[in-house]
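So that you can map any letter, position 329 of the sequence shown is 1817 in my numbering, and since no number is skipped, the others follow by simple counting.
The hints are all genuine.
Listed next, the in silico DSS-like pairs over lysine-lysine satisfying Cα-Cα at most 25 Å (straight line): (1) K1938 x K1971; (2) K1936 x K1857; (3) K1606 x K1646; (4) K1892 x K1882; (5) K1696 x K1938; (6) K1656 x K1646; (7) K1625 x K1728.
Quick caveat, the hints were computed from the structure, so don't treat them as lab data.
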Amino acid sequence: MATVGIKGYAYCLNHAPETGYHYGNTPHVERETKGETEFLKELPSFLQTYEDARDYAPNQAYIGGISLEKLEQTPQPWYTNRLTGSSRYGAYGEIMPEDEFLGLMDICDVFDIIWLEKEFAASVREKLAVSPVMNEKVLSRLETGHELTEIEGEVAHKKGLALYFGGKVVGCVRNGHDIDDCLFAYVLLENLACKAGGVLSLLHLLKKTGMTPEEVDFVVECSEEGAGDMNQRAGGNFAKAIAEIAGCANASGCDVRSFCAGPVNAMIAAASQVACGARKNCVVLAGGAVPKLFMNGRDHVKKKMPALEDCMGNFAILLVPDDGELPVMRLDVLGKHTVAAGSSPQAVTTALILDPLERAGLSFLDVDKFAAEMHINEITLPAGAGDVPLANIKMTAALAVTKKAIEKADMMTFVKERGVPGIAHTQGHIPSGVPFVGHACDAMVAGKMKRAMIIGKGSLFLARLTNLADGASFLLEPPTGKKSSVAAVSKDDVKALLLEVLSELSGKLA
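Using the sequences and the accompanying hints, generate a full structural model.
Okay, structure coming up:
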């Protein structure tokens, strides 16, 4: 049985309501095509403050501030039953305020794309200086800033995009090319925001695991963005760009893309490299997507509720050889959605859940939790998209009934016991199972869980290349109690083995 250890995980949110108001795809397209509509005039009244976002229960569950059990015990609507005594920091990461996030984007900029106003840059520097994950080398990358008149000139005459905080212009994203639409300011904003989110989670991962940046061997990035130019529109490489800023001097990396199935495919790709000994360790990470901010904002405003999609989500997970003491990812029980599988919900569920379990001689009841699309239901329900996590576990339960793993009367018990509440923002790839890895690993170390399935599903038809669906899955299990074959081979082990063989040969010769 091939297994890889999960040594650490980090989950962070970047609160970005003003960035979302101006550049989230729904409000941005509305503004560009229809001008200042009633929706755009009303939206600012429904924006959440940083404190609102910090105290929102699903956000705290995402960063490890509360357990999933505490989340489920918190009455809904969560936006009218906010937590008290919440912290910016959780066991897995943080919820970063927007001004600091703009500063982090500048830190991540290596082509002088981001300009910040002088006083704003100075104030952000003071705040980032007390961050538990920002070292001086990283912080030294923050610019001293520009005059506001310079920034206004870039926006007015050179196709730059203004950056806002507190209702004021505090910087801009400069245009990267006159005619290459892959390098226009809007696209560069998306890419730099995604990169900054990935850097934040990686820094938290390094702090949590105690690993130095130089020890990172390989990075696999799996966000939604595709960086490139007109000749290679998604050439990449976010992974190495993020590793560079975090100081991972000895790391290389690459990007994996497959819409919302990307993170699970990236986990499998990275784990395979570790398991075969090609890499000492791999970090799988992803930053968030600016276009997804306020994607359902129009429906939230219609319902007179807070516009909840105001955070960019990101994560980082460290995979290492199985040492017997870490929760593991099994590589012999992988689900895949084949070309011939079909795209109906039942076909997808069969391919990603039933088929790999049957091949491993396991049943539905051998898995404690099934984590698929972990969207926060209060975001999707007002838009008519339903409760996505609930729909997924109901489909799994229905399939379990058809395969006689459970009785029909036990369906809702199965749903309640083996489903996972949504804790992720509608950031596309982010909800696809990976937000549960941290909570699941903690439960396994505590002896409260024996097995969890992480499921990613993708909508390939969005690219207009194929109507096929996509997906992948893997199992998480508690520590094995023994080292994997790759992890066990060290210099000391080889030396001991040689001495043993020599001793045995000497005895035979004598």
